[in-house]
Structures are given as structure tokens and as C-alpha cells.
Amino acid sequence: MDQSPDRAIPLLPSARMDISADMSATHRLRQAVADVVDGAVLWRLGLTLGWLDVKLRYRGSILGPFWLTISTAVWIASVGALYSVLFHQKISPYMPFLALSLVLWTAMSGLVGDACNTFLQSEATIRSMRMPYFVHAVRVVVRTVIGLAHNVPVVLVVFALFHKWPGVGALWCLPAFALWTVDAVAACIALGTLCARFRDIPPIVGSIMQIAFFITPIMWQPEQLGPHGWWLKLNPFNALLDVVRVPLLGAPVSLHTWMAALLYSGVFCLMTSLLFVRVRGRLAFWM
Amino acid sequence: MARIVADCLSVDFPLYHGSSRSLKKTVFAAAAGRLGEDGNHRTVVQALRDISFSLRSGDRLGLIGTNGAGKTTLLRTLAGIYEPVAGRVTVDGSLNALLDTQLGMNPELTGRENILLRGLYNGLTRVQIRQLEEDVAAFAELGEFLELPVRFYSSGMLVRLGFALATAINPQVLLMDEWFMAGDARFLSKAMARLENVVRGAEILVLSSHQNQAITQWCTRAIWLDHGRIMADGKVAEVMSAYMDRAEAA
Numbered sequence: 001m002d003q004s005p006d007r008a009i010p011l012l013p014s015a016r017m018d019i020s021a022d023m024s025a026t027h028r029l030r031q032a033v034a035d036v037v038d039g040a041v042l043w044r045l046g047l048t049l050g051w052l053d054v055k056l057r058y059r060g061s062i063l064g065p066f067w068l069t070i071s072t073a074v075w076i077a078s079v080g081a082l083y084s085v086l087f088h089q090k091i092s093p094y095m096p097f098l099a100l101s102l103v104l105w106t107a108m109s110g111l112v113g114d115a116c117n118t119f120l121q122s123e124a125t126i127r128s129m130r131m132p133y134f135v136h137a138v139r140v141v142v143r144t145v146i147g148l149a150h151n152v153p154v155v156l157v158v159f160a161l162f163h164k165w166p167g168v169g170a171l172w173c174l175p176a177f178a179l180w181t182v183d184a185v186a187a188c189i190a191l192g193t194l195c196a197r198f199r200d201i202p203p204i205v206g207s208i209m210q211i212a213f214f215i216t217p218i219m220w221q222p223e224q225l226g227p228h229g230w231w232l233k234l235n236p237f238n239a240l241l242d243v244v245r246v247p248l249l250g251a252p253v254s255l256h257t258w259m260a261a262l263l264y265s266g267v268f269c270l271m272t273s274l275l276f277v278r279v280r281g282r283l284a285f286w287m
Numbered sequence: 001m002a003r004i005v006a007d008c009l010s011v012d013f014p015l016y017h018g019s020s021r022s023l024k025k026t027v028f029a030a031a032a033g034r035l036g037e038d039g040n041h042r043t044v045v046q047a048l049r050d051i052s053f054s055l056r057s058g059d060r061l062g063l064i065g066t067n068g069a070g071k072t073t074l075l076r077t078l079a080g081i082y083e084p085v086a087g088r089v090t091v092d093g094s095l096n097a098l099l100d101t102q103l104g105m106n107p108e109l110t111g112r113e114n115i116l117l118r119g120l121y122n123g124l125t126r127v128q129i130r131q132l133e134e135d136v137a138a139f140a141e142l143g144e145f146l147e148l149p150v151r152f153y154s155s156g157m158l159v160r161l162g163f164a165l166a167t168a169i170n171p172q173v174l175l176m177d178e179w180f181m182a183g184d185a186r187f188l189s190k191a192m193a194r195l196e197n198v199v200r201g202a203e204i205l206v207l208s209s210h211q212n213q214a215i216t217q218w219c220t221r222a223i224w225l226d227h228g229r230i231m232a233d234g235k236v237a238e239v240m241s242a243y244m245d246r247a248e249a250a
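In the order they appear, the protein sequences are chains A and B. For the first sequence, position 16 matches number 16 in my numbering, and the numbering has no gaps at all. For the second sequence, position 158 matches number 158 in my numbering, and the numbering has no gaps at all.
Simulated from the structure, these hints should not be mistaken for lab results. Even glycine gets a Cβ: it sits at the ideal position worked out from N, Cα and C. Check the hints yourself; a few may be wrong.
[As the list claims (entries may be wrong)] Restraint-style ranges between C-beta atoms, simulated for each label pair: (1) 266(A) - 193(B): 49 to 59 Å; (2) 144(B) - 149(A): 31 to 41 Å; (3) 144(B) - 214(A): 43 to 53 Å; (4) 266(A) - 201(B): 26 to 36 Å; (5) 124(A) - 246(B): 26 to 36 Å; (6) 67(B) - 199(A): 25 to 35 Å; (7) 210(B) - 266(A): 47 to 57 Å; (8) 8(B) - 123(A): 22 to 32 Å; (9) 85(A) - 144(B): 55 to 65 Å; (10) 5(B) - 124(A): 25 to 35 Å; (11) 50(B) - 55(A): 25 to 35 Å; (12) 30(A) - 107(B): 31 to 41 Å; (13) 144(B) - 91(A): 53 to 63 Å.
[What the hints assert, rightly or not] List time: in silico SDA-like cross-link candidates among lysine to any residue, alpha-carbon distance up to 25 Å: (14) 55(A) - 125(B); (15) 55(A) - 127(B); (16) 233(A) - 205(A).
Sequences and hints are given; from them, build the entire structure.
Listed below in C-alpha cells is the structure:
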């Protein structure tokens, strides 16, 4: 195969890179913002990486990611049947609540677990080319969204079986999902960074999420706590779940819940930004 | 107009995960007196110290030095992968760094998927990515292997794919590690023609190599690195003879 010397070689567009060891806050901030902007420009890359991850995980499997759908369905059916008896709940309001809560929680806790490996799993890439760290975060979020999408049919079937129709108010879940996306990207950056530096973090995160699963209303409903439920307000997972879950169950979300979700997210994103601005330049050395 | 300016660059490697004592000893031995402490009393390897030079369009720089002298670290720093702890590096112009054969390829993905990712990384359009695929597939002679995961490739195929991919897009600044000179003879002659194309197209070349021949053949200027510092900087012949003198004396 001979290569003609005048083959059409695409020329990379001109670029400028200016990296200095300037430790001033403004310099670091500028670099961090540039990372996010450059990463957003490469959104097609983040999307493809996430999509290929899902494809890869189920390569060679006949049902592919629909195994997720099946296992979620089985899980919800068995847990629903058991707990409606244990908790003396009427099955018709309980099942839609449980199905929706479990599916949302699976996505949330799955993302948190996955987020720990955001940068570690891309070690080879990080050490061989300069790529915005933001791309890796987008990749993990895309992966989770695809997983969540495969569980949506289970919720739809449960809602249809129990004649649950949330109405137009359900559209309120859209801004809530937007908030989730922002938080998810922040979680990937925060946990990805911390876990690259301190390898003890993933097991800690794992046990925190396990505890969170039991103290957050997922298997049980908040009303069951009665007057003892005041501490639920201190649970950020509860606020974040409610802004999505309540409208999908056909009830209006209280302003109070939204304020709580926004407050928790705001604080979390602010802390993540500070962390990222501070350590972005060192991340490659931690691989 | 491409340009590289390195101004008093220093790079430290923190040893966070070298907790085991034996590993620490190994690193001690390898770093041969280049261990220090940073402000927080963490052990660091001083990989580069006070590196300053500038390159303009037309410059072809060769980096020489023994293993562990800091050649690859310098290339990675110029590529923006490692950020310096002191000093500054400015690169004007698009950049391509050919640092290792894998080049961040995912071994589980097929050849075609890896090519797609590289195209997206470089911001190519759909049509350009198709061209990239054809170009790379033709050069690497992969045939149907293009549809198989890269981990099933023979090492020869892997080198061909990595090489074809890395040289398919012309940068203004080309950073190249010595592995590009390795390979079987048949591939090498074919690769050289293609590489010459890219090198000629690039405005600035930085090549790190053990092989003096490669440096003499490709470069117009050489820098001799030792223990992370510049020992000599100048014409290839002069730097090379200084380096050889030292090697013989040692």
C-alpha cells in the first residue's frame, strides 16, 4: 500500500496553550473555567465515550442493557409484594411510589459509586494526551442517564397497572432532572478527584450510600414517620429525590422542598468548584 | 507561526502511593539524589529543574540523555499533560504528542471505535472522521480486524494502528518519543515515508531518543538532559560529542 505524499491530511486548527505554575487564585480559576468550557465544546466526545461504555459492558450479551430492565422489574415486584405486607400498606398507592423511588435511587447511588472512578478509569488517556477533565465527568453522567433510561419502562408499566396518571404537573420533573444533571457532573468531579488522591474514599462512599438507602424514604413513605419525621429535612438525598418524585406521583412540590434541594446543590457545587480550581493542575500526577 | 517557550520549568512528582518501604527504596535508588521535600514535607521526585529554551517555526529539537533523565517528562509537560510546579510553558500552534503506542486507546474497543474517539477528540467533522478511518485502515492494513477489539491485535498491528492514527492528522507542533523509531524493518521503511510527511508538515519537532542516529538525521538542535537539568544546548554535533564524552568517561 503506497502512501501518496499529497494525501489529504487534515490539519489541526491552530491553538494556543499557556500553562504556568502561577499559584494565584485568578490564574487557577481561569484554567478551571477553561477546562469546563473546552470540555463542553467536546460534548460529542463525552457522549460517545459514555455510549461506548454501555455498549462495551453488554457486548456479547443478547439482551444487553435490558438485563437492567429485567432485574429492576423483578426487584420491584418482589420487594413491593413483601413490604406492602410488612408495612401494612395498600398495594395500589405503594407500588408506584416504590417503583419510582427505587429506579431513581438506583441511578443516584449508581452514579455516586461510578463517580469515584471518573478519573482513575481514564488513567491511560490522562497520561497520554491533554484532555479537559470535564469530558470524563460528562462520560460518567451519560453512562448513568442511559442506565436510568432503561429502567423507565418498568416505572411506566407499574404506573399503568395501578392506574397512576400524574397529569401535566409531572413536567415539573424536568427542571428537577436538570438540577440532577448539574449535581451529577459536580459529584463526578468531586469524588473523581478525591478518590484519585485518597484511595480509601470509595469504600467510605459505599457505606455512606448504603446507610443513606435506609434512612431515605425509598422503601418506606415519609408519612409513616408521622411527627418523628422532622430530621428528614436534614437529608439532602430526600430533598433531591422529592423534587423529581413528587411531581411524577401527581402531587405539587412544595416551595420548601425546592429551596432545600437548591440549597444543598448550591453548597455542594460551590465546594466542588473550589476543590477543582485548587487541584486541577495536580490531578495528572495522582494517576 | 508556531512557537514553544519554556521558561524556568520545574516539575515534581509527589510520591503519594509509594507507601511501601521497598518501593520507596527502589525509587530512592532510581532517583539518585533527586528526592526532595515540598512545602508540605511530602516526598517528591524532582523530575525537571529550571528548563528554559524557546523554539520557533523550522526548529527541530532532539532531546538526549540516559533513562530517567527527564526526556519523557519534558515532552509530557510541553504537551500540557503535567503542569509545572514552577515556571511557565507556552505553545502556539496545534499540537500532537506521540508518546506511547497505546496513545490512550481503549483495548476493549474496536479499531474503528478508537479511530472515532480520536477524531472526536480532535474536533473533526463526520466527513473528516470517515476520511480518517479510511486513511488509518489503509495504512495499518487491518482489514476486518478494524471491527475487532484492539486487544485481539498482534503487537505489530497495534503499533501500526497507533502509528497510523497518530500520524493521520498534521499538527503544527509535533512531540515524539523514541518508540516511534522502533518496529520491524518492513514497517519501519513504510512508516518513515509517512512520518517524514508529517515531520515536514510540522513547523516544530521535538524528538526524544536514545538513538543518536535518529537525532542526527532529523534534528537541527539538541538538548542534553541529565537528572532533570539541561547539561548542554546547541548544535546537534556539539551537544552529541559532549554527551558521548561524558558517556565514555563514566
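Results for each hint:
1. Between residue 266(A) and residue 193(B) the beta carbon distance is about 58 Å. The supplied range of 49 to 59 Å therefore holds.
2. In this structure the supplied range 31 to 41 Å holds for residue 144(B) paired with residue 149(A), their Cβ-Cβ distance being about 32 Å.
3. A C-beta distance of roughly 52 Å is found between residue 144(B) and residue 214(A), which places it inside the suggested range of 43 to 53 Å.
4. Checked against the hint of 26 to 36 Å, the pair residue 266(A) and residue 201(B) fails, with Cβ atoms roughly 49 Å apart.
5. In this structure the hint that residue 124(A) and residue 246(B) lie 26 to 36 Å apart at CB holds, the actual value being about 35 Å.
6. One distance hint, 25 to 35 Å for the beta-carbon pair residue 67(B) and residue 199(A), holds here, with the actual separation near 28 Å.
7. Residue 210(B) and residue 266(A) have their C-beta atoms about 54 Å apart, which keeps the hinted 47 to 57 Å range intact.
8. For the pair residue 8(B) and residue 123(A), the beta carbons lie near 29 Å from each other, so the given range of 22 to 32 Å is met.
9. In this structure the hint that residue 85(A) and residue 144(B) lie 55 to 65 Å apart at CB holds, the actual value being about 57 Å.
10. Taking 25 to 35 Å as the suggested C-beta distance range, the pair residue 5(B) and residue 124(A) conforms, at roughly 29 Å.
11. Judged by the Cβ atoms, the range 25 to 35 Å given for residue 50(B) and residue 55(A) is violated: they are separated by roughly 48 Å.
12. A C-beta distance of roughly 36 Å is found between residue 30(A) and residue 107(B), which places it inside the suggested range of 31 to 41 Å.
13. Our hint of 53 to 63 Å for residue 144(B) and residue 91(A) holds, since their Cβ atoms are close to 54 Å apart.
14. Among the hinted pairs, residue 55(A) with residue 125(B) is consistent with the structure: their alpha-carbon atoms are about 23 Å apart, no more than 25 Å.
15. For the proposed pair residue 55(A) and residue 127(B), the alpha carbon gap of about 23 Å is at most 25 Å, so the pair holds.
16. Taking the CA atoms of residue 233(A) and residue 205(A), the gap is about 21 Å. The hint holds against a cut of 25 Å.
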